[in-house]
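Once you have looked at the hints, place chain S on chain V.
Here the protein sequences come in this chain order: V and S. Just so we're aligned: 2 in the working numbering is position 9 of the first sequence, and the numbers increase by one with no gaps anywhere. Just so we're aligned: 127 in the working numbering is position 126 of the second sequence, and the numbers increase by one with no gaps anywhere.
Hints are computed from structural coordinates only; laboratory data are not their basis. Any given hint might turn out to be false.
To be verified - Chain S is faced by these chain V residues, among others (derived, beta-carbon under 8 Å):
id	residue
1	Ser28
2	Pro29
3	Ala41
4	Gly134
5	Leu166
All residues carry an ideal CB built from backbone N, CA and C; glycine is no exception.
Single-letter residue listing:
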Amino acid sequence: MRNPRPARWFHAGVYVTVLVLLATGWWLLLGREGSPSVLARATGMSDAELHTVTGWVLAGLTALAVLVGARGWRTFWRESVRFRRGDAAWFRRWPAAIFTGRFGHHEGRFDPGQRIANLVLVATLLALVVSGVGLVLVSGGPAFVWFAQVHRWSTYVVTPVVVGHVIIASGILPGYRGVWRAMHLGGHLRRADAERVWPAWTERTRPPR
Amino acid sequence: MFRLRGRGPRGTKLVAGAALTILLVAGCGGGETGGGGGGSDPEAGGMTLEITSPADGDSVEVPFTVEVASSEELGLIETGAHHVHVFFDGDDEEFLVVEGESTEVTDLPEGEHVVNASLRNADHSPAGVETEVTVTVGAGDGSDTGGGTGDDGY
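Okay, chain S solo, but in the shape it has when bound:
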């Protein structure tokens, strides 16, 4: 499709350099741009995110509802609105997508867990706001928040 023959070594280097630059910029242009991982300021840039239920230190029983509140409008991704990723114990590889104000957790082992929440832009990139609470999942009577308007339960 293209000929490098006939170009001098300088021309070839220019082309290769341009190509490498484009691909490097391209590869760095996507992916997470936020702080990544826990520790992001829950009020970065004026945006806020809070886990309103369960409260930090609560004991809960599966299934339980995680409720969130944000300064940003939360809604369906295809509307361009923000949404929230809820994950556990810092493992953000698997998460619940919350396009409203709550989601139901149906599968979490007994014991102490950190419930993480990350505010996301519609394109799934981090908005730079994260928060977390610690709960204990047990078989005893916990502050079961009951069913809510959950999105895709897990």
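This is chain V alone, in the form it adopts within the complex:
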């Protein structure tokens, strides 16, 4: 099992809220306020209201993680900021490896691409939560303008990273087949999938014979 249950549930809570926020946020960004989206019609709330309420839920999840997930965050941070010289070779082989499955070797719990994605996602989601809270608290005026700029530009950065993460995690790319099991249905990966994507971690966590 790669990720324990609390981590999987936290991840699920985050991605459900983030998907709703991206859908409603981009709907508003594209000037569709006033024309209810599918989500707005389904919930009976305006897209702006739905976006705000869901944002508060994400903020609550973030606060919860900080309160009770300190040990997990330390592991996540430690494993995400580690980079070694050999990681450059991993990146060179990556474009072909997503189809062939022949990834370069790396020593981490996360592959080098995951580590960068982790850092970008955490930074941008934090910026979105903080600026979002700011937008609601001030409601308008000069400070609103500043928060809105941060919120907008963080959205531009986080969207392709989330889309890439979903594509990779879904396993539709042959090299990443099966990795979705790491965060769903008990978190049990097939050994072959784990060895292909996280070889050193798989070896380290192999149960003693």
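Using the frame of chain V, we list chain S on its own:
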């Protein structure tokens, strides 16, 4: 990511209670904070909103222009200014966003309708000021207010 094993039942309850409190407060923290729906004082808190055209009881012909006036500066949302939501017959699920002083209505069935207007903060939350007029949309000669500096027409 976190371990509840090793904490006693009391510790687990404290954590669960804190989590529930956060999520409940979070869920109640957004959404409409105003009075919601018609009946808000058009002069709440010193702010005012008025539909200057068409007048109450007017007969109009589609397309027609709705003009509003407010004590607050109306402008683009990204400038932090107030704006107005214009909707019809109390149905605030679909509305026109008015970031200036007028908007053009291009699609409204014939008959009597209530034109509602709600003053909004830049973050789309209600500012607590709403107003309305009743008009009759017909095919006859009405007080067509012509085109204005409309925002996103409907």
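So, going through the hints one by one against the coordinates:
1. Nearest Cβ of chain S to the Cβ of serine 28/V: about 7 Å, under the 8 Å cut. The hint holds.
2. Interface restraint check: proline 29/V against chain S, minimum CB-CB distance 6 Å, threshold 8 Å, status holds.
3. The beta carbon of alanine 41/V comes within 4 Å of a beta carbon in chain S, closer than 8 Å, and the hint placing it at the interface holds.
4. The restraint placing glycine 134/V at the interface with chain S holds, with a minimum CB-CB distance near 5 Å, inside the 8 Å limit.
5. Because the closest C-beta pair between leucine 166/V and chain S is about 27 Å apart, greater than 8 Å, the hint is violated.
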